[in-house]
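Please build the complete structure, drawing on both the sequences and the hints.
Top line first, the protein sequences correspond to chains A and B. Position 234 (the first sequence) corresponds to 234 in UniProt numbering; numbering is contiguous. Position 290 (the second sequence) corresponds to 290 in UniProt numbering; numbering is contiguous.
Simulated from the structure, these hints should not be mistaken for laboratory data. Every residue gets a Cβ at the ideal spot worked out from N, C-alpha and C, and that includes glycine. Be careful, since some hints might not be right.
Facing chain B, according to a computed beta carbon distance under 8 angstroms, are these residues of chain A, among others [said to hold, decoys possible]:
#	residue
1	70
2	107
3	116
4	176
5	308
6	313
7	319
The calculated lysine-lysine pairs, modelled on BS3-like cross-linking and capped at a C-alpha distance of 25 angstroms, are [as the list claims (entries may be wrong)]:
#	chain 1	residue 1	chain 2	residue 2
8	B	151	B	179
9	B	444	B	488
10	B	359	B	488
11	B	347	B	196
12	A	77	B	196
13	A	116	B	196
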Amino acid sequence: MGKNTRATRAYPARSPLSGSPLAGYVLRRLGMSVLLLFGVTLVTFSLANLVPGNPIVAALGEGAASNPATVAAYIEKHGLDQPLPVQYLNYLVNLFQGDLGVSLRTAQPVASDLAKAVPATIEVAIGAIIVSLAVGVALGSLAAYRRGKISDQLVRVLSLIGLSIPTFWMALVSFNLFFLQLRIAPGSGRLSPILSPPPTVTGLYTVDALLAGQWTTFMDAMAHLMLPVFVLSLFTIGLLTRFVRTSVLEVLDADYIRAGRAKGLSGPRMLFGYTLRGASLPILTIVGLAFGSLLSGTVLVEAVFAWPGLGSYAYNSATSLDLPGVMGVGLVVGAIYLGINFAVDLLYGVLDPRVRLA
Amino acid sequence: MRTKIRYVATALGLSATLALVGCAATAPEGGSGSGSAPTSIVIDTAFTLETADPGRNYVPTGYMVSKALYETLLDFAGSDESTAVPGLASYTQNDDATVFTFTLADGRVFSDGTPVTADDVVFSLNRVKGMTESKANFLMEGIEVAKVDDKTVELSTATPSLKLPALMTNPSLAILNSKVVIENGGTTDNSDAAEKFLNGTSAGSGPYILDSLSVESQVVLTGNEKYNGAEDIDFDRVVIRNVSESATQKMNLEGGDSQVAVDLSGDQVAGLSGGVSVTSGPSAQTIFLLLNQNPEIAGVTANPEFASAVRYALDYPKLLELAGAGSEQATGVIPPSFLGALTDGVKQDLAASKAALAKSGYAGETITLEYPNDYPVGGVSFTPLAERIQSQLADAGITIALAPAPFTTQIDEYVNGREAFSIWFWGPDYADSANFLPFQAGAKVGLRAGWTAEMAPSIVELATAAETATSMEAREGAFSDFATALQKQGPFVPLIVPGSNIATADYITGVNYNSTWTMDIAELQAK
Numbered sequence: 001m002g003k004n005t006r007a008t009r010a011y012p013a014r015s016p017l018s019g020s021p022l023a024g025y026v027l028r029r030l031g032m033s034v035l036l037l038f039g040v041t042l043v044t045f046s047l048a049n050l051v052p053g054n055p056i057v058a059a060l061g062e063g064a065a066s067n068p069a070t071v072a073a074y075i076e077k078h079g080l081d082q083p084l085p086v087q088y089l090n091y092l093v094n095l096f097q098g099d100l101g102v103s104l105r106t107a108q109p110v111a112s113d114l115a116k117a118v119p120a121t122i123e124v125a126i127g128a129i130i131v132s133l134a135v136g137v138a139l140g141s142l143a144a145y146r147r148g149k150i151s152d153q154l155v156r157v158l159s160l161i162g163l164s165i166p167t168f169w170m171a172l173v174s175f176n177l178f179f180l181q182l183r184i185a186p187g188s189g190r191l192s193p194i195l196s197p198p199p200t201v202t203g204l205y206t207v208d209a210l211l212a213g214q215w216t217t218f219m220d221a222m223a224h225l226m227l228p229v230f231v232l233s234l235f236t237i238g239l240l241t242r243f244v245r246t247s248v249l250e251v252l253d254a255d256y257i258r259a260g261r262a263k264g265l266s267g268p269r270m271l272f273g274y275t276l277r278g279a280s281l282p283i284l285t286i287v288g289l290a291f292g293s294l295l296s297g298t299v300l301v302e303a304v305f306a307w308p309g310l311g312s313y314a315y316n317s318a319t320s321l322d323l324p325g326v327m328g329v330g331l332v333v334g335a336i337y338l339g340i341n342f343a344v345d346l347l348y349g350v351l352d353p354r355v356r357l358a
Numbered sequence: 001m002r003t004k005i006r007y008v009a010t011a012l013g014l015s016a017t018l019a020l021v022g023c024a025a026t027a028p029e030g031g032s033g034s035g036s037a038p039t040s041i042v043i044d045t046a047f048t049l050e051t052a053d054p055g056r057n058y059v060p061t062g063y064m065v066s067k068a069l070y071e072t073l074l075d076f077a078g079s080d081e082s083t084a085v086p087g088l089a090s091y092t093q094n095d096d097a098t099v100f101t102f103t104l105a106d107g108r109v110f111s112d113g114t115p116v117t118a119d120d121v122v123f124s125l126n127r128v129k130g131m132t133e134s135k136a137n138f139l140m141e142g143i144e145v146a147k148v149d150d151k152t153v154e155l156s157t158a159t160p161s162l163k164l165p166a167l168m169t170n171p172s173l174a175i176l177n178s179k180v181v182i183e184n185g186g187t188t189d190n191s192d193a194a195e196k197f198l199n200g201t202s203a204g205s206g207p208y209i210l211d212s213l214s215v216e217s218q219v220v221l222t223g224n225e226k227y228n229g230a231e232d233i234d235f236d237r238v239v240i241r242n243v244s245e246s247a248t249q250k251m252n253l254e255g256g257d258s259q260v261a262v263d264l265s266g267d268q269v270a271g272l273s274g275g276v277s278v279t280s281g282p283s284a285q286t287i288f289l290l291l292n293q294n295p296e297i298a299g300v301t302a303n304p305e306f307a308s309a310v311r312y313a314l315d316y317p318k319l320l321e322l323a324g325a326g327s328e329q330a331t332g333v334i335p336p337s338f339l340g341a342l343t344d345g346v347k348q349d350l351a352a353s354k355a356a357l358a359k360s361g362y363a364g365e366t367i368t369l370e371y372p373n374d375y376p377v378g379g380v381s382f383t384p385l386a387e388r389i390q391s392q393l394a395d396a397g398i399t400i401a402l403a404p405a406p407f408t409t410q411i412d413e414y415v416n417g418r419e420a421f422s423i424w425f426w427g428p429d430y431a432d433s434a435n436f437l438p439f440q441a442g443a444k445v446g447l448r449a450g451w452t453a454e455m456a457p458s459i460v461e462l463a464t465a466a467e468t469a470t471s472m473e474a475r476e477g478a479f480s481d482f483a484t485a486l487q488k489q490g491p492f493v494p495l496i497v498p499g500s501n502i503a504t505a506d507y508i509t510g511v512n513y514n515s516t517w518t519m520d521i522a523e524l525q526a527k
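Following this line, the structure appears as structure tokens:
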């Protein structure tokens, strides 16, 4: 029985969203995601308002915080004289209108700040995932196929190194080596100072430069991506290599792989068509988690490379008691995690028909 | 076997291809100033930037930007912050130092070519005065503005105010093109809506105009073609980048990716390679110990003798070792570049310390020293400083337990006077010694140390004399007396004035540190 037949049985032909198992599943997951997002707002609001410290002094600074008129205007403008439940309610009402509040640190709308920060991080995270996936899958597969050999041992040591190296240290060392000593990488930031950012469409400089036909800007943006991507991908490469090795080893012992080999299948078709596809679910899980953590955990790398992304924004918001900024980052990161989990769950069904039936 | 080799080759080939796709670009030409004289400059600094609207700005990077885009009535020459000099205007004052008359320089124009007039001055200053929600609002507290004629404006105060000329150098009080700003939502109260416009376009008479602004990543300035002031600008384009990590600033400078690094610590400038110049000097910050005088909060630290015991127990040169290039021992609460600063600081005197400790009632109990552990000031991290203080006080018989906490947590305790013994810092809001009067008993910083006016009426008298002096000679003497008295009997132990280190490519000159705007970009020149 072929897989298409099984898929057809799992999703009988009905109207797209009326009562089909897939539609029901998607709707249930979407509902759950909305509830979880609500929970995220509650947690981030509570945490942001329970941390010790005086946001007014942090926001206004010493001089302005001593000026009663300025403090009064600030309290009124930000509704800080309201009880916390009322503030939370106001926050939710504004949230539904796409208003995440005004950053106390940048004095700009949080939504507009995040609209600039998120693409910067997504760009570097996508690069890191692509490189990690390519190298991790290759090294993991190599180690599995060469189980017990020297190359296997070498890959396992390399993956351990990748997992163990402190990212901040690696960022400083690689910047020093490739930029300052070898001069094969550009300086910090997303673009060289002589260039202006391309017209914003996606916020990803590489994509926007291509869309605008600015080849020089595209190449420069790619060059600036090199080191952050390299440093960020090291940990994920180590993680993926180990998971791919384990998963591929399990699949290689499966009956259908032995049968395939017995029938003479070999080469790339065997690797990609059967072995990696069989090992894809745990790999997909790791990739999803890694992508989420890359988006939220790039603080130190972004600091070293002066990358104006989500990590920098989160750090700066937290250390300056910028509560709207902290809540905005929490909400965005939560939404991204939920989105990735959702996508991963759906991809399970695409990659493995047995999941669709379950 | 051949099959396995094919698998391996395929896998490696795939990874190499994808890795190359990810790294397909080559680095652009870096370097600075090779060939013909450079016309652009890149400045790396850790951003404190919220707006390009000078009237709403109150943070250092914002001041640096405003200083390049706008002009103020008065200015400082180079690094000399002791005397205000003419900017857009010159001034005279009455004998009581309550009325200051400003006369605009002839022929000065905004970037759109229209002349700078008294109306622009009145609007700009009244805008800051009226926008109570602006962080800069307090600068105009108690100052009335009146137009005399098209070239003359009068500023008046109810009491003598020799700090007013220094206030008029503050970039928050820059003069805007009132017609343009009003057309774009500008008012003189909280209904003002010109900030968005001013974040996209500047409306001043400064040597530069705003090209683009991102408060998170970079600001780009270009030369103001209509500028007819005193500066002779050398760079047509200035990029000010947010590089929060000072190690990255250092490498960018050494690698030629930037030409100025603003936030290097003393240790970092000591390790700079060739091709780089450093301008070092004391900043305007004072790092000090606070000993709370409120017995309910503090216990033994409330005894003034205990403060004396601490004051004479410390080995200040050894503490200064932690601060690096440009730093100095604090000679008092007023840092060395300001009027009335003392020439000599306290010297270690263990005998005097022990005598004071014996009188203080200290019985060997452990005293907790609180400090922010994530907020270096001028490159001075408080954790090693606290550890060295702990060690030195242990030698003098005082047992200290360290209690670090994040800045945002700690500051609330500090400003509300709930810390018994702590390390803090103070910097001026504008370049004048009046900024240090809050250290008096009963004033802002004094009260943070639980030090009420009733506890030290003589200090209050000295502070009042300094605040209301009507001549510069009398003022200098009064501030000096205030600083001396505070050094002898105050609940503060000034420790270090950290250094300011501005590193530049060695072909750049004209770096002058200023406590408010850090440096005047227009003064930077290529050799």
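Status of each hint after checking the structure:
no., hint, result
1, 70, "5 angstroms, holds"
2, 107, "4 angstroms, holds"
3, 116, "6 angstroms, holds"
4, 176, "6 angstroms, holds"
5, 308, "4 angstroms, holds"
6, 313, "7 angstroms, holds"
7, 319, "7 angstroms, holds"
8, B:151 to B:179, "16 angstroms, holds"
9, B:444 to B:488, "20 angstroms, holds"
10, B:359 to B:488, "16 angstroms, holds"
11, B:347 to B:196, "53 angstroms, violated"
12, A:77 to B:196, "17 angstroms, holds"
13, A:116 to B:196, "17 angstroms, holds"
Hint violations for this structure: number 11 only, all remaining hints satisfied.
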